[in-house]
Amino acid sequence: MLQVSIYRYNPETDAEPYMQDVQVDTGGKDLMVLDVMELIKAEDATVVYRRSCREGVCGSDGVNMNGINGLACVTPLSKAVRKNKLVLRPLPGLPVIRDLVVDMSLFYAQYEKVQPYLQNHTPAPAIERLQTPEEREKLDGLYECILCACCSTACPSFWWNPERFIGPAGLLQAYRFLADTRDTATEERLARLDDPFSVFRCHGIQNCVNVCPKGLNPTRAIGHIRSMLLSRAT
Amino acid sequence: MAALRTISFDGVIVGGGGAGLRASLQMAQSGFKTAVISKVFPTRSHTVSAQGGITCAIASSDPDDDWRWHMYDTVKGADYIGDQDAIEYMCSVGPEAIYELEHMGLPFSRTEEGRIYQRPFGGQSKNYGKGGQAARTCAAADRTGHALLHTLYQGNIKNQTVFLNEWYATDLVKNQDGAVVGVIAICIETGETVYVKSKATVLATGGAGRIYASTTNAHINTGDGIGMALRAGFPVQDIEMWQFHPTGIAGAGTLVTEGCRGEGGYLINKDGERFMERYAPNAKDLAGRDVVARSMVKEILEGRGCGPNGDYVYLKLDHLGEEVLESRLPGICELSRTFAHVDPTKEPVPVVPTCHYMMGGIPTNVHGQALNVDQNGEDAIIPGLYACGEVACVSVHGANRLGGNSLLDLVVFGRASGLFIEKALREGIELRDASETDLEQAMSRLDKVNNSSGGEKAGDLRKELQNTMQNYFGVFRNGPLMQQGIVKLADLRARIENAELSDKSMVFNTARIEVLELQNLLEVAEATAITAEERKESRGAHARDDFDSRDDENWLCHSVYFAPDKRVSKRGVNFEPKTVETFQPTIRSY
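Just so you know, the sequences run in chain order A and B.
Note that the numbering used here has the first sequence beginning at 1, numbered continuously upward.
Note that the numbering used here has the second sequence beginning at 1, numbered continuously upward.
Hints are not guaranteed to be accurate.
To be verified - Cβ-Cβ distance ranges computed for the label pairs, FRET-style:
#	chain 1	residue 1	chain 2	residue 2	range
1	B	Arg-493	A	His-203	58 to 64 Å
2	B	Pro-330	A	Pro-196	55 to 61 Å
3	A	Ala-191	B	Asp-311	58 to 64 Å
4	B	Phe-575	A	Glu-135	41 to 47 Å
5	A	Glu-135	B	Ile-587	44 to 50 Å
6	B	Arg-5	A	Gly-67	37 to 43 Å
7	A	His-121	B	Lys-298	56 to 62 Å
8	B	Lys-457	A	Lys-85	23 to 29 Å
9	B	Arg-493	A	Lys-85	38 to 44 Å
10	B	Phe-575	A	Ala-126	43 to 49 Å
Hints listed in this document are in silico derivations from the structure and should not be mistaken for laboratory results.
Positions of the beta carbon are idealized from the N, C-alpha and C atoms, including for glycine.
Build out the structure end to end from the sequences listed, making use of the hints.
Below, the structure written as structure tokens:
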């Protein structure tokens, strides 16, 4: 039997959050953490979490497993469990709505702040805008973000300044448009990021890189933005 | 009844996937007050899982490509019950819709010329089936759905669409004239129930693959729009037509794209034989999905399956080389390692046909207007109601959808719905307000669930429903077995209608949502079962052992199912495209 300790909080009935211990029969299989959550919910329907695609592309089930952020649906027990124990907590740093469900409004607001859409002030051609494979390759490692918030909620700088530091997820997308040869708003984008907080609160801790379930590297993208901002200043 | 808060919009779109976001984008750009109700944050919708691409004759890979060839393939793929006017519209308007997406920023893969990369997919041909395999599927690596959905969401942010995220629509509100005037919806975070009033209500709720035990579909694909339409007394069309994708990862059910075979992968049995050469000598592994899925099941049934239980076949990819796999199919490599514990650059991937797509749905015209069928068998437009994407049946997929056509369908008809509603709103839409009784009617199901006690657990009932569909209405079907399945579903209906909601709390109560979703699954399952039993022929994805050939004399038509009296009727297929000659039904072979 797997020992699971799960964070519980329902604002209607609980004065404060608590950890609930549950034993789960995994049948000796190396299930995904989400499978275990489903087994728990089958017994106790009041346990609440988000989930959708169950294959690591929708970004719904970012949770904290034994202290590490990740997607429950693509994290096998063999990777998460220590000494037969699994501690499940909501992603840290954001307000908890209920159990493992956090309020992601701040996270989404930072994403929207970078104007995450292509801006091109030239008239669109009758066909697609051309882009060489080499130019397109610059977007690899950037566009694949699934907005699961594992990175930003693992970032101490984001915990301290979630309203002013854009955070790794938002900055990854900021760079995704800065790096796109089809986008012509580079100068405006950089001007909006040029303050002490939006970008420069990143201290290169790299928690974001360690937890990203898609293997992306926000720190590197932030480094590129820094360079662009610094060369713009000179 | 306690006072119900009302919020009003010009247009409301239920569903934040590709179809819904394309429709909302169109309407938001027009300046009308538009809202999207989505039970998940929009980029978590199932469009995000689409991998291989979006099929469209943009003439990048082949400068001579022609949308009429794409149309021919689609009509044939549909086994001739796709509406030719709708297919003509989709294939001819498609390029414009693709270029719009590219201009919005969709990061398509590129050719050396800088154009959008296109790969071969199943059922594709040049020159009306006479010119060999075409490469017509536009791709962003193997993450095309993700790239498309995020691009559309970003476009909606830019145009300031109102999002009611993590709201769940429970039922349509119908006025005394039978017009749809909005929906009842729950704000999941607070638990508040609200009447969302609208002059145009668009159902873009996607598919319902969760009716089967083994499916590529996300947990959220529970056929909510179909349930809402059927309960409101509106029919669904061709709902017996379910696509089983040839390559779901055995055990897990997660999809590996047809693009694997497009890029040169192929299926082998336990003897290492490339068996599709026997079943489809020309197209081989790129025959229609229904053909490939049936061939795989036959191999397994005849004892040539792989693995200790012989219950799957292998998809061989390693001969493509690590470089091609990591650049063209990176997501597939990741999924294979995670869910099949196999490195596709070295070993084959165990795969099995898995429920994937609902070809049927709410019948609509090319403007997305939902249709009813009156007593004389004539189409009747349902005022106020629209549908697009997988929940709709325009019908462009008929009895079998071609790979890459679902993304095109949702973009083209999401856009078409938006365009039409924009025009209709401009001309003025007057619908009578819902009365207190109309609202009570729409609230009745939710009230019953909220007051339930003593019933069975939703999770157990869902499992039983899914196993019933899997065992009685799978890749191969036959009459006696389906009749048994129908009896089981009737028994399940009584139990599911009384399922217990043990958690009655307000805040983020997902147990409540799951009970409501289960009831929608049941509506879809029963409609599927009864219609499948009724269609006494084999066509496209509907393959019967007891009626094993196509019967054009009796069944070259749509089925139409009405839930209140569990009745199946027929509706004519459109054979009158506007700019090309009709494609006449012929024997379908690959």
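Each hint tested on the structure:
1. Arg-493/B - His-203/A: 58 to 64 Å: holds, 59 Å
2. Pro-330/B - Pro-196/A: 55 to 61 Å: violated, 37 Å
3. Ala-191/A - Asp-311/B: 58 to 64 Å: At roughly 60 Å between Cβ atoms, Asp-311/B and Ala-191/A fall inside 58 to 64 Å, so the hint holds.
4. Phe-575/B - Glu-135/A: 41 to 47 Å: holds, 45 Å
5. Glu-135/A - Ile-587/B: 44 to 50 Å: At roughly 47 Å between Cβ atoms, Ile-587/B and Glu-135/A fall inside 44 to 50 Å, so the hint holds.
6. Arg-5/B - Gly-67/A: 37 to 43 Å: holds, 42 Å
7. His-121/A - Lys-298/B: 56 to 62 Å: Holds - the Cβ-Cβ distance for His-121/A and Lys-298/B, about 57 Å, lies within 56 to 62 Å.
8. Lys-457/B - Lys-85/A: 23 to 29 Å: For Lys-85/A against Lys-457/B, whose Cβ atoms are near 28 Å apart, the range 23 to 29 Å holds.
9. Arg-493/B - Lys-85/A: 38 to 44 Å: holds, 43 Å
10. Phe-575/B - Ala-126/A: 43 to 49 Å: Hint violated: Cβ distance 32 Å, outside 43 to 49 Å.
Consistency with the previously given hints fails for numbers 2, 10, ordered from lowest to highest.
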